[in-house]
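Protein chains: 2
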Amino acid sequence: MNNWFKILSLLAFSFFTLGKAQKKLTIGEKQTVFSKVLNENREVWVHLPKTYDDTTINPAKYPVIYLLDGENNFEYYAGLTDFIARTPYADIPECIVVGIKNTERTRDLTPTKSQKKSPVNPAVTLFADSGGSENFVKFIQEELKPFISKNYRAQEYSILVGHSFGGLFAINVLLAHPEYFNAYVANDPSLWWDNEVTISRTKDYLEKNKKFPAAKFLYVSQADNEEKQKNWNSDMTQAIEKFKGIVEKNGTLNYKHSFFEGETHGTVSYPGNYEALKFIFKGFRTDIKQLAKNPGSLETEYKTFSGKMNSEFNPSESYLNVILKFMKSNDFKESETYFINLKNKLYPKVK
Amino acid sequence: MNNWFKILSLLAFSFFTLGKAQKKLTIGEKQTVFSKVLNENREVWVHLPKTYDDTTINPAKYPVIYLLDGENNFEYYAGLTDFIARTPYADIPECIVVGIKNTERTRDLTPTKSQKKSPVNPAVTLFADSGGSENFVKFIQEELKPFISKNYRAQEYSILVGHSFGGLFAINVLLAHPEYFNAYVANDPSLWWDNEVTISRTKDYLEKNKKFPAAKFLYVSQADNEEKQKNWNSDMTQAIEKFKGIVEKNGTLNYKHSFFEGETHGTVSYPGNYEALKFIFKGFRTDIKQLAKNPGSLETEYKTFSGKMNSEFNPSESYLNVILKFMKSNDFKESETYFINLKNKLYPKVK
Numbered sequence: 001m002n003n004w005f006k007i008l009s010l011l012a013f014s015f016f017t018l019g020k021a022q023k024k025l026t027i028g029e030k031q032t033v034f035s036k037v038l039n040e041n042r043e044v045w046v047h048l049p050k051t052y053d054d055t056t057i058n059p060a061k062y063p064v065i066y067l068l069d070g071e072n073n074f075e076y077y078a079g080l081t082d083f084i085a086r087t088p089y090a091d092i093p094e095c096i097v098v099g100i101k102n103t104e105r106t107r108d109l110t111p112t113k114s115q116k117k118s119p120v121n122p123a124v125t126l127f128a129d130s131g132g133s134e135n136f137v138k139f140i141q142e143e144l145k146p147f148i149s150k151n152y153r154a155q156e157y158s159i160l161v162g163h164s165f166g167g168l169f170a171i172n173v174l175l176a177h178p179e180y181f182n183a184y185v186a187n188d189p190s191l192w193w194d195n196e197v198t199i200s201r202t203k204d205y206l207e208k209n210k211k212f213p214a215a216k217f218l219y220v221s222q223a224d225n226e227e228k229q230k231n232w233n234s235d236m237t238q239a240i241e242k243f244k245g246i247v248e249k250n251g252t253l254n255y256k257h258s259f260f261e262g263e264t265h266g267t268v269s270y271p272g273n274y275e276a277l278k279f280i281f282k283g284f285r286t287d288i289k290q291l292a293k294n295p296g297s298l299e300t301e302y303k304t305f306s307g308k309m310n311s312e313f314n315p316s317e318s319y320l321n322v323i324l325k326f327m328k329s330n331d332f333k334e335s336e337t338y339f340i341n342l343k344n345k346l347y348p349k350v351k
Numbered sequence: 001m002n003n004w005f006k007i008l009s010l011l012a013f014s015f016f017t018l019g020k021a022q023k024k025l026t027i028g029e030k031q032t033v034f035s036k037v038l039n040e041n042r043e044v045w046v047h048l049p050k051t052y053d054d055t056t057i058n059p060a061k062y063p064v065i066y067l068l069d070g071e072n073n074f075e076y077y078a079g080l081t082d083f084i085a086r087t088p089y090a091d092i093p094e095c096i097v098v099g100i101k102n103t104e105r106t107r108d109l110t111p112t113k114s115q116k117k118s119p120v121n122p123a124v125t126l127f128a129d130s131g132g133s134e135n136f137v138k139f140i141q142e143e144l145k146p147f148i149s150k151n152y153r154a155q156e157y158s159i160l161v162g163h164s165f166g167g168l169f170a171i172n173v174l175l176a177h178p179e180y181f182n183a184y185v186a187n188d189p190s191l192w193w194d195n196e197v198t199i200s201r202t203k204d205y206l207e208k209n210k211k212f213p214a215a216k217f218l219y220v221s222q223a224d225n226e227e228k229q230k231n232w233n234s235d236m237t238q239a240i241e242k243f244k245g246i247v248e249k250n251g252t253l254n255y256k257h258s259f260f261e262g263e264t265h266g267t268v269s270y271p272g273n274y275e276a277l278k279f280i281f282k283g284f285r286t287d288i289k290q291l292a293k294n295p296g297s298l299e300t301e302y303k304t305f306s307g308k309m310n311s312e313f314n315p316s317e318s319y320l321n322v323i324l325k326f327m328k329s330n331d332f333k334e335s336e337t338y339f340i341n342l343k344n345k346l347y348p349k350v351k
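Chain order of the listed sequences is G and Y. If you use the numbering used here, the first sequence corresponds to residues 1 to 351, in order. If you use the numbering used here, the second sequence corresponds to residues 1 to 351, in order.
Just so you know, nobody snuck in bad clues.
Derived pair list, reagent style PhoX-like, types lysine-lysine, alpha-carbon separation capped at 25 Å:
1. Y:117 x G:289
2. G:30 x Y:30
3. G:117 x Y:333
4. Y:145 x Y:30
5. G:278 x G:50
6. Y:24 x G:145
7. Y:30 x G:24
8. Y:24 x G:50
9. G:282 x G:343
10. Y:116 x G:333
11. Y:24 x G:24
12. Y:101 x Y:150
13. G:256 x G:216
14. Y:244 x Y:210
15. G:308 x G:282
16. Y:23 x G:36
17. G:203 x G:113
18. Y:343 x Y:303
19. Y:289 x G:117
20. Y:333 x Y:349
21. Y:24 x G:61
22. Y:36 x G:23
23. Y:61 x G:24
24. Y:50 x G:30
25. G:211 x G:308
26. G:293 x G:325
27. G:278 x Y:278
28. G:210 x G:242
29. Y:145 x G:23
30. Y:24 x G:101
31. G:145 x Y:23
32. G:203 x G:244
33. Y:116 x G:289
34. Y:145 x Y:50
35. G:349 x G:303
36. Y:101 x G:23
37. Y:50 x G:24
38. G:24 x Y:23
39. G:30 x Y:23
40. G:216 x G:249
Don't read these hints as lab results, they were simulated from the structure.
Sequences and hints are given; from them, build the entire structure.
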C-alpha cells in the first residue's frame with residue numbers, strides 16, 4: 001500500500017465518522033479533572049443550557065447544579081432543567097448541570113467508617129471501604145468548583161443533589177460546610193448510616209449553633225416502599241422520620257420534605273429532583289400577560305425573588321427578548337418601550 | 001500551498017474535530033425522512049437504549065415510543081426511559097424513543113379546520129392552518145414506522161405520546177385507528193378544540209362500536225392551573241372532564257386519568273409521562289430476591305404480564321445476566337442452574 005492510499009483511506013474514514021458525529025444529539029460533554037485530594041482522575045459530565053452558545057445575546061452566567069451519581073441521573077436531569085427553563089413560562093433559570101461520575105461510591109459518599117452484613121447473604125460484608133466524604137467534598141469545593149468556574153460561565157449560585165448515600169452526603173455537607181452550596185437536595189437519604197451518626201450530628205449542630213442557617217435550602221424526598229414492605233431497609237425510613245422531626249422543630253431552614261407514595265428507593269429521584277427544583281426556585285416564574293399591563297412588576301418580582309434566594313438574580317437577556325417579541329406582536333407599545341429601556345440598562349451594548 | 005500541505009491540514013482538522021466529538025455525551029441521533037404524504041422532509045430524533053449496541057448479548061428488539069413535540073420533550077424523556085429501565089429493579093423494558101420534530105404543528109396535530117381569536121389580542125386570528133391530523137398519522141403509520149423498523153430493531157409494541165394539541169392528536173388516533181398503537185398517552189389534551197369535536201367523536205365511536213377496544217391503554221394527565229385561575233383556557237378543563245366521564249362510564253379500556261395539583265399546562269408532561277409509563281408497564285417489575293427462592297416465578301410473571309399487554313414480552317438477555325450474577329455472588333446454586341437453562345432456552349447460542 002503506498003502512502004497516498006493510506007492517507008486517502010484515513011481521510012475517507014475521518015469524514016465518514018465526522019458525518020455520523022454531526023448527526024448525533026448531544027446532551028453534554030465529558031471532562032476529566034485530576035484530583036490531588038483523591039489522587040485520581042475524576043470524570044464529570046457537563047450540560048450547558050440552550051442559550052449558552054447563543055451569539056445574539058451577551059455571554060450570560062448560569063447557576064450550577066452538582067449532581068451526584070452522574071451516570072444514573074445526568075440524562076433526565078439535564079433534560080429536566082432545559083424543559084422547565086423554557087420561556088416564557090420558565091419555572092427555573094437555565095442552569096449548568098455537572099454530573100459527577102462515581103469511582104469508589106461508598107468511600108466518597110459516607111461520612112464515617114462502618115460495615116454491614118449483607119441482608120441477602122450474611123456471610124458477605126458490605127461497605128468495608130467507607131468514610132471518605134470529607135475528602136470528597138474537599139475535591140468538589142477546592143478542585144471541581146474552580147475547574148467549572150474557570151472553564152464555564154458559572155453564576156455564584158450552586159446546588160448539591162444526591163440520592164441514597166448521595167443524600168446522606170448532601171446532608172452531611174450542609175451540617176459541616178453550610179457555606180459551600182446555596183441549596184441541598186437529598187433523595188431518600190441513607191440516614192440510617194452507622195447507627196444514625198448523621199442524626200447525632202444534626203443534634204450536635206443545633207446544640208452548637210442554636211439554629212439552622214436561615215438562608216439555605218434543604219429538600220428531602222422519601223419513597224414509601226420500605227415502609228410498606230417492612231424489608232431490610234426500613235431503618236432508612238425511621239432515620240428519615242427522625243431527621244424530619246428535628247428539622248421541623250427548628251424551623252429556620254428553608255426546608256421541604258416530600259413523601260412519595262408508590263415510589264421505590266430506586267425511582268424516587270425522578271419526581272424528587274423535579275419537586276426540589278420547583279421548591280428551591282419558587283417565585284421565579286413570572287406572567288408575561290401581566291407584564292403587558294404592569295411592566296414594572298418584573299423588576300419588583302426579581303427583587304423579591306433575589307431576597308428569598310439570598311443571591312442576585314436578574315431577568316435574562318433571552319427572556320427580555322421573548323417579552324419584547326410578545327409586546328411587539330400584540331401591539332403593546334408602552335410596555336415594549338419599557339422593556340427596551342430595561343434591556344439597555346441590564347445588558348448595555350458594547351460600543 | 002502544495003497538495004501535501006492541504007491534505008495534512010485537512011487531516012489535522014479532522015482529527016481535532018473527531019477528538020472533540022468523542023468527548024460529547026450523546027442521547028440520540030437525528031434522522032431525516034422524506035414524507036410523500038406531507039410532501040416535506042421530517043426530522044426525527046432517535047434514542048437507543050443502553051444495551052442496544054452491547055455485543056456480549058444477542059441483538060434484541062425493543063418497544064418503540066413515538067413522542068410528539070420532540071424538540072421539547074426528547075431529552076428528559078429519553079433519560080427517563082433509561083433511568084427506570086435499569087436492572088435489577090426495572091419498572092419498564094428498555095425502549096427506543098422516536099421524537100418527532102414539528103414543522104407545522106397546528107396543521108399536523110388538529111383533527112378539523114377551525115379558528116380562534118387570540119385571547120391576548122382579539123384582532124389576531126389563531127390556527128388558520130389546521131385540520132391535518134389524518135395526513136400526519138398517515139405519515140407516521142405508513143412512512144415513519146416502516147423507516148424505524150427497517151433501520152432499528154423494533155419490537156411489535158408501540159406507544160404514542162402527546163401533549164396539548166399532541167394529546168388531542170393521540171386521542172383522535174385512538175378513536176380513528178385504535179390498531180395503530182398499543183398504548184396512547186395524552187398530557188393535558190386540547191379536547192376543547194373546535195367546539196369539542198373530539199367529545200362528539202368519542203360518543204360516535206361508542207354508539208357505533210358499543211365499547212372501547214379492551215386491549216388498548218390510554219393515559220390522560222391533567223394540570224390544575226386553568227381550573228384555579230379560570231383563565232382563557234378553562235374550556236380545556238371542562239372538555240377533559242367530559243371525556244373522563246364518558247370513558248369511565250364505559251370501562252373497557254385500560255384507562256388512567258391523573259389530575260396533577262400544582263402543575264401547569266406547560267410542565268404537566270414531566271410527571272405525566274412518568275406516571276403513564278408506570279401505568280402502561282405495571283406488572284413488569286420483578287423481585288430478584290424472590291427469584292432466589294422461587295426461580296420459576298419469573299416465567300409465570302412474564303406470562304401474566306404479556307397477557308395484560310396483549311403482546312409477548314420475555315425477560316431480556318441482559319436481565320438474565322444480572323440475575324445469574326446475583327445468584328452466583330450469593331451462592332444460590334440451584335437458582336443459578338435454573339436461570340442458565342432458561343437463558344439457553346430463550347437465547348440459544350448460534351453454533
